Amino acid sequence: MTIDKKLENGCLTLTLEGRLDTATSPQLQDVLNPAFDESKEIILDFAGLAYVSSAGLRVLLMGQKTAQAKEVSMKLCNVSDDIMEVFEMTGFSDILTFCERRQ
Amino acid sequence: MQKRWVNIRNTFLTAVAFFAVSMPFRELFNVMEVTEMRPASALPPVFGLMLGLPGAVGCAIGNLAADILSGYGFAICAPGFAAQFIYGALPLLLWNILKRHDAEKPDFFRLNNVKNVIRYIGIILVSSVAMAAMLGGIIQMLNISPFFSSATLMFFFNNFVFSMVLGIPLVIFMSFQKLKAKGSGLALNERFVLMFLTLGVVSAILLGVFAYAELSRIIDDPLTMWNTIYTYIAVNIFIFNLITVVFLWYSEKNITVPVELISEIAQNYISDDNEKESSAAIAARCAAIAKNTSETGVLAEAFRTMILDLETYISNLMKVTAEKERIGAELDVATKIQASMLPSIFPAFPERPEFDIYASMQPAKEVGGDFYDMFLLDGNTLAIVMADVSGKGVPAALFMVIAKTLIKNNAQSGKSPKEVFEAVNNILCENNDAGMFVTAILGYFDIPTGRFTFVNAGHNPPLLRSGQNLFNWLKTKPDFILAGMDNISYKQHEVLLSPGDELFLYTDGVTEAVNNQDELFSDPRLLETANQLGSDSQERLSLQEFTVSIKREIDIFAEGAEQADDITMLALRYIGGTRRE
Chain L
1 MTIDKKLENG CLTLTLEGRL DTATSPQLQD VLNPAFDESK EIILDFAGLA YVSSAGLRVL
61 LMGQKTAQAK EVSMKLCNVS DDIMEVFEMT GFSDILTFCE RRQ
Chain V
1001 MQKRWVNIRN TFLTAVAFFA VSMPFRELFN VMEVTEMRPA SALPPVFGLM LGLPGAVGCA
1061 IGNLAADILS GYGFAICAPG FAAQFIYGAL PLLLWNILKR HDAEKPDFFR LNNVKNVIRY
1121 IGIILVSSVA MAAMLGGIIQ MLNISPFFSS ATLMFFFNNF VFSMVLGIPL VIFMSFQKLK
1181 AKGSGLALNE RFVLMFLTLG VVSAILLGVF AYAELSRIID DPLTMWNTIY TYIAVNIFIF
1241 NLITVVFLWY SEKNITVPVE LISEIAQNYI SDDNEKESSA AIAARCAAIA KNTSETGVLA
1301 EAFRTMILDL ETYISNLMKV TAEKERIGAE LDVATKIQAS MLPSIFPAFP ERPEFDIYAS
1361 MQPAKEVGGD FYDMFLLDGN TLAIVMADVS GKGVPAALFM VIAKTLIKNN AQSGKSPKEV
1421 FEAVNNILCE NNDAGMFVTA ILGYFDIPTG RFTFVNAGHN PPLLRSGQNL FNWLKTKPDF
1481 ILAGMDNISY KQHEVLLSPG DELFLYTDGV TEAVNNQDEL FSDPRLLETA NQLGSDSQER
1541 LSLQEFTVSI KREIDIFAEG AEQADDITML ALRYIGGTRR E
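In order, the protein sequences belong to chains L and V. Be aware that the first sequence starts at 1, since it is given in our numbering, and climbs by one per residue. Be aware that the second sequence starts at 1001, since it is given in our numbering, and climbs by one per residue.
No lab work stands behind these hints, which were simulated from the structure alone. Quick caveat, the model's predicted, so the values are computed rather than measured. Note that CB positions come from ideal geometry on N, CA and C, so glycine has one too. One or more hints might be untrue.
Claimed, not checked - Here chain L is said to cover these stretches of chain V; the calculated rule only asks that three of the stretch's residues, wherever they fall, bring their Cβ under 8 Å from a Cβ of chain L: (1) 1241-1251; (2) 1473-1482.
Said to hold, decoys possible - Non-contacting residues of chain V with respect to chain L, defined by C-beta distances greater than 12 Å in every case (computed): (3) Asp-1446; (4) Asp-1508; (5) Val-1514.
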């Protein structure tokens, strides 16, 4: 999985590509943890993401909790239908914030 | 006994050799009344050095025989014999004195290093002077020529030049033969020495031949001519040997001897299976060579570092391996403990004919994060649990034990499924720094009525087959996972099962099994597989056959790809009727 980091007008966009699973989720955690101190607005672009495993969900959950604690807005965009199904099935769709698809 | 025969044989052979080399030159290159150009003069010191006293005696005998055959009188023959013997024995004596200083006493004379080359030159010089003095004395006594004359110089040159020019190849040849007999060969440094010495010999011979060709036409007196030729050769030998000794001394110190030592150390090190020599000792030997500032010093230092690194690495590896074995043994026990925590004896409730139930779990690693449970709450209610802890391995297994215990304890305290999950969720959320979570389904099955009341905390939807129909998803909007956030409220759902209905619960290890093309087994494939199983036979498959068949289909799909997640399945069939009394 590759993570592309871009800071624009105080908004940090992380573009994820590949599979977010046991092997790759620590990668996201390593990028996400310091990000909460860098920016007040974080957008995770899931357009290039093919799969999210439970390990990936764990990182997103911890990210969401940290975001709330640090009062940072964390949003997911361009979530594919397959991944949205996982979010819905696990109830994650209720706690995560999604934003409009962007080009 | 045998040694004596060898000595007699050597004496005889050297006598013959000396005679054979000596005779032709007496006729062809006679210089003056009592001497000639004598290549045979190379033989006594060499045979003395290489063969010991038999060599010296043999040469003296050979000379005596040649003297007698040449018609010399007793006055020449007798002192000649004595002088020839001393000429052969003196080098041996000198060599035996010199070699006392060597740390390693060699068996026989070898030109294997600069020290021995210098010794050889010294020995030959002393012996040649002594011989010349003796012969000079003899000819003065016999009134042939005064002691201080060019004849005495001729004697000296005869011995010195030939011992240097012909003696060296002979020593090389004989020591090589001895080494071959012992099964070894020339050392690297020895080869270097021999190569240079051979070059010197070849140049001396060439010079001698050209000088003879030129001078024999110009100078009539053979004594003057030969002394001139000998002087040329002696000067040539001196210069060449000086350069050789300096060069060899340098290469010996910086190249050949260190390379020999390093290769010997390396050879010992790799063949040293019994650890006769410790790495520290080898490193110390390398360190001695590494003091050298040349490339060989660098090589020795590199080898030393490598050996020490290897030692550290091996000891680390042993520690890690031992640790791994220990962990492996503990994991084995953990696997057994975990397996024993899940109900695994089927039929699980033989006294209840109203339903049938079967479940299985195959962990991806030694221990897994998936679990299932089934237990009767009271005479009429069966509780079933299907759950999946995020992650795999030991962390997941530890969390699984807590979750499973909490769910069962709370369910047995009389709470509804919704209340159980709400309570368990809050307890799990406490001190959950690792951010673990659980997706789970808890259902209460009311046996007399067939009513199934369940809560779903983010888990895969169950499959339900009503009557003779096909399986269908029991879709409800799932609630949030357990241990994710506290104070979540869960919604309870109900479905009514009729006799013959089947319920299938599983974890995402089933639907997310991957093949070598990274494709998922997926929900549609599970649904299709479940519906196909047993469709062509009149009899329905037993629940065990059903789950085993699904696992087999997953394995076929996976094409040998490694199982990435725990695979857990639970099947329930409602049979109905009444409890056996």
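Check your understanding: Which numbered hints does this structure break?
Key -> 1, 4, 5
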